[in-house]
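S.K.: One letter stands for each residue in the lines below.
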Amino acid sequence: MGDSLKIVVLVKHVPDAQFDRHIGAERTLDRSESILSELDEYPLEAALQLSEARGGEKAGNEVIALTMGGPDAANALKKALQIGAGSGVHLTDEALAGSDAAATSLALAAAIRHLGDVDLVIAGMASTDGETSLVPAQLAERLGLPQLTFASSLEVDGRTARIQRDGDGHSETVEAALPAVVSVTDQINEPRYPNFKGILAAKKKKIRTLSLAEIGVDAGQVGAAGSLTWVASAEPRPARTAGTVITDEGDAGVKLVDFLAAQKLI
Amino acid sequence: MVDFQLADEYRELSDTVREFADEVVAPVSAKHDEEHSFPYEVIAQMGEMGLFGLPFPEEHGGMGGDFFALALALEQLGRVDQSVAITLEAAVSLGAMPIYRFGTDEQKERWLPVLAAGKALAGFGLTEPEAGSDAGGTKTTARLDSGHWVVNGSKEFITNSGTDITAFVTITAVTGTEKRPDGTERKEISTIIVPRGTPGFRAEKAYSKVGWNASDTHPLSFKDARVPEENLLGTRGRGYANFLSVLDEGRIAIAALGTGAAQGCVDLSVKYAKERRAFGSAIGTYQGIQFKIARMQARAHTARLAYYDAAARMLAGKPFKTQAAIAKLVAGEAAMDNARDATQVFGGYGFINESTVARHYRDSKILEIGEGTTEVQLMLIARELGL
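Chains as they are written, first to last, in the working numbering: chain H, 1 to 266; chain Z, 1001 to 1387.
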């Protein structure tokens, strides 16, 4: 197929940041009012651009959206299909509930192996719920693939992936041979909105469901049982208190200094 | 069975456009309104989303949707920015639709792909100093001269006629006289495509309007403007009849826009009434404000049902002229009434130009005038009643 690419994009169904988030009884997030993570629109756009530059599906390119989650997570896949992914894969199993990053990357690695030869796995820089940013690196490790993380640009030239990675004081260009795992930042592109053709086309696209048994993972390796970390407690943060207003009655300077001293700031 | 629930694809389109309106359109609305500037960057993104191609088939570069899909998009855009919404409405239902409906294969091939992609805009020139709802007053003429139409006259209030991406305007012009069955004569009115750049055709200085400031509106002048004979759109002498059929659809689109404006006023008022405190409580806890906003919501809901009904009839191939007139009437009034009430809820802040409710207040008045005044809608409804 020449230089065509098979790309897996990791997507996550996360609580909509526009609404208040709630922690449930099991110290896990209430996932009603959830959407496709905004940070996952960037890897999807990056994948679509790579595919389109190579002639798209007609030329043998594939963009597969992969998610792990409960039944509702299929909605994240549906959105990804509307935006332009060619197909969706939904890894879902009750035993996955409560998985930490390590267990998640183990399950996703097995799912990706199950999908056969993949040229690129592209993920966002973080999920907007857990925000660990651990999964792409762990996934690369488990798949034995090079990892290019926090990319603000991504090019694929033959069998070489090249990214730019911006630090505080410098930018690096990093290359790796395909296949590789890449995570991209929100600086990499301007994600597209789905159009009506895409919305209609998504109805005809396939979402494959995979269970743990199908990808050869034991229930004990994932979920709470297979996790290396667990959330010991989760409390809503207290609401911010009103600041202190100092009214100048001739002694504001003194009051300011007293305040700063009391806060141990001077 | 009556069912006003939206099918999945309509709801998903509506949600997507709502998101786009909030994230991309709203942040620059006040700036374009204040500067009276055309929002090219927003229009380009709407083009990429396929909004200009919603009701056209894919073979012409469209999205393969229908007129109702367009109406839903207009409602969501109208919520936050009527100028942007009317730019889309006019581009599709007045610019591209006549070409799609009445154009030859060559005309469709030449113009529809760029129009459906939002890369070019077209205007429709009907209104003249002495001809609006009464198109019989048309004075602009086009006479045939060695294979060319020679156009003379002027047009007023033509939307999308003078932007950098305007490709052409379609105008109505008197092309001769024709005999009525009773032997009397009347003007033969035809529609003709006049490309931008045609010598003798000018989009004059843009109007200083009360509202819709980011929408492009100009008077047009034609002085011996020559265009090829094949620029006739549709059958000669059918110009006005063709335009009327386009206008009926356009009323549904304008009703959707007005519904959006009315709903935008509700949404802003609810939010403000929960935040703004007076006499120790949020003003939304007072029944005076509650009742005002409840009535606003009732108007928006009524307007929505009216345009859904008219659109459903149209798509089912049933007569919808009266329903479109009712929808246009109700939605235009809902927008204006809600804008007035929302401004009252906001108090002084509602009188500041950069506030969205103030913009709705200035923008909504035209909804009782454009695409058939309130009085014209009432005439149509009364006529249907046999009066």
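Please keep in mind that the hints were generated in silico from the structure rather than gathered at the bench.
Be careful, since some hints might not be right.
Stated by the list, open to error - Listed next, the in silico SDA-like pairs over lysine to any residue satisfying Cα-Cα at most 20 Å (straight line):
1. K204(H) to Y1010(Z)
2. K58(H) to S4(H)
3. K204(H) to A1030(Z)
4. K1031(Z) to Q1045(Z)
5. K1271(Z) to K197(H)
6. K205(H) to K1271(Z)
7. K197(H) to G1061(Z)
8. K203(H) to S87(H)
9. K203(H) to E1058(Z)
10. K1271(Z) to A1030(Z)
11. K58(H) to E1058(Z)
12. K264(H) to V254(H)
S.K.: Determine for every hint whether it applies to the structure shown.
M.R.: Against the structure, the hints come out as follows:
1. K204(H) to Y1010(Z): Roughly 16 Å separates the two Cα atoms, so the pair holds.
2. K58(H) to S4(H): 10 Å, holds
3. K204(H) to A1030(Z): Distance of about 40 Å is beyond 20 Å: violated.
4. K1031(Z) to Q1045(Z): 18 Å, holds
5. K1271(Z) to K197(H): 34 Å, violated
6. K205(H) to K1271(Z): Outside the cut-off at roughly 39 Å; violated.
7. K197(H) to G1061(Z): 11 Å, holds
8. K203(H) to S87(H): The given pair, whose Cα atoms are some 11 Å apart, holds under the 20 Å limit.
9. K203(H) to E1058(Z): Between K203(H) and E1058(Z) the Cα gap is close to 17 Å, so the pair holds against 20 Å.
10. K1271(Z) to A1030(Z): 19 Å, holds
11. K58(H) to E1058(Z): Within the cut-off at roughly 18 Å; holds.
12. K264(H) to V254(H): Between K264(H) and V254(H) the Cα gap is close to 15 Å, so the pair holds against 20 Å.
Violation of the numbered hints given earlier is confined to hints 3, 5, 6; the remaining hints are satisfied by the structure.
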